[in-house]
Amino acid sequence: MTYVVTENCIRCKYTDCVDVCPVDCFREGPNMLVIAPDECIDCGLCVPECPADAIFAGDEVPPGQHDFIALNAELTHAPGWRPIVRTVLPLPDADIWNGKAGKRALLERKWPG
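Counting in the UniProt record's numbering, the sequence shown runs from 1 upward without gaps.
None of these hints come from the bench; they were simulated from the model. Glycine is no exception: its CB is placed at the ideal position from the N, C-alpha and C atoms. Some clues are possibly wrong.
Simulated restraints on C-beta separations [said to hold, decoys possible]:
1) D42 x R82: 17 to 27 Å
2) G102 x I41: 30 to 40 Å
3) P83 x G44: 13 to 23 Å
4) G113 x G44: 32 to 42 Å
5) P112 x D59: 32 to 42 Å
6) P63 x A105: 25 to 35 Å
7) P63 x R86: 27 to 37 Å
8) G113 x D59: 31 to 41 Å
9) A101 x V47: 14 to 24 Å
Whenever a hint applies, use it, and build me the whole structure from the sequences.
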């Protein structure tokens, strides 16, 4: 089962996980990262690197967040969501949003412009 980025990544977008991924399976959106399920090799290296504790094995996704399994797969192929292979700065207010519940509605699916 592949790894999944869940709700707490929204409005944070820390990228510490990207540097340790041996297969470059992360995709970057405007305010969240996702994992390409068809590229993830289930190594788990990204899990301890995530400052937001937002990455889980597919069979360990917290209750109420199982829709993120399909969301990761969908956004992997969404227009503008591109591979990210190097750490970049998190969003400016990431530390404020880290750990806040109810961020699902804040997910930006399309890049501005």
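Checked hints:
For D42 and R82, the hinted distance range of 17 to 27 Å is satisfied, since their beta carbons lie about 23 Å from each other. Checked against the given bound of 30 to 40 Å, the beta carbons of G102 and I41, roughly 32 Å apart, stay inside it. Checked against the given bound of 13 to 23 Å, the beta carbons of P83 and G44, roughly 20 Å apart, stay inside it. Distance hint check for G113 and G44: the Cβ-Cβ separation is about 35 Å, which falls inside the suggested range of 32 to 42 Å.
One distance hint, 32 to 42 Å for the beta-carbon pair P112 and D59, holds here, with the actual separation near 35 Å. For the pair P63 and A105, the supplied restraint of 25 to 35 Å is violated, since their beta-carbon distance comes to about 19 Å. Checked against the hint of 27 to 37 Å, the pair P63 and R86 passes, with Cβ atoms roughly 33 Å apart. In this structure, G113 and D59 meet the distance hint of 31 to 41 Å, their C-beta atoms being roughly 38 Å apart.
Between A101 and V47 the beta carbons are some 20 Å apart, a value that agrees with the proposed interval 14 to 24 Å.
Hint check: a violation occurs at hint 6 only; the rest are consistent with the structure.
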